[in-house]
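K.L.:
Sequence:
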Amino acid sequence: MLKKIIVILGIFLMISCSFKRVVCTYNYNTIAHGIDFKNTNSTNGKWALNMLNIRGIRGTVDDNLNTIVFDKFMIWTKGKVVKKENFKDNQGKQYPFEISENPTKEDLINFKKTTNYNYLINIFLLEDIQNSKNREIKVVINIYDLGNQKMMLSQEVIGFLDKENGTDIGKDFKIDVIPDMMYKILTKGLKRIEKKSIY
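In case it helps, UniProt numbering puts the sequence shown at residues 1 to 199.
Hints listed in this document are in silico derivations from the structure and should not be mistaken for laboratory results. From the three backbone atoms N, C-alpha and C, an ideal C-beta is built for every residue, glycine too.
Restraint ranges, calculated between C-beta atoms of paired labels, are given here: (1) Lys93 to Val23: 42 to 52 Å; (2) Lys184 to Lys113: 30 to 40 Å; (3) Asn27 to Gln91: 38 to 48 Å; (4) Asn53 to Glu194: 17 to 27 Å; (5) Lys113 to Lys188: 33 to 43 Å; (6) Lys196 to Thr67: 20 to 30 Å; (7) Pro96 to Val23: 31 to 41 Å; (8) Lys93 to Asn44: 18 to 28 Å; (9) Lys93 to His33: 34 to 44 Å; (10) Lys83 to Asp36: 21 to 31 Å.
Take the sequences, apply the hints, and build the full model.
P.N.:
Below you can see the structure in the form of structure tokens.
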């Protein structure tokens, strides 16, 4: 019986050691840590979701990540969010609007004038962190009110491997330290917004 317990414990330890733990920290550049979606929904506000350079396994575009983010905002906004590939101008024509990571006030004014959107959700990966040797990646979630060109919420989610498990990683990896690292960082960031929001 004792031998069986030792064997089971040994297997458990081997399995647990094979997993890499992602640790997240959060920074905010706004006082608000959440959004009053109920208030914005009452005015029938339309939301534009602009996801930039969000990558998944081995640096490839991951449609699952885009879907996870889109589905969350669909719930919060009561179905009033539109993906970047479906952006339309005031005439209802689909148009490939290019919005930078940090749009200027003029960019926000022009986007508002040429579209019917009231709010912009900008989500991106900071490129300077992508090649970091300490295996950190940072995802930024910025939400703008296009009516007054002001930032409603700005959240940075910094994900890194803990020191114990993050020392022996292949050097050929960049942002894809482990396959689900980006998934964990994005979902944790969304959960934090959800916790502080009204919808």
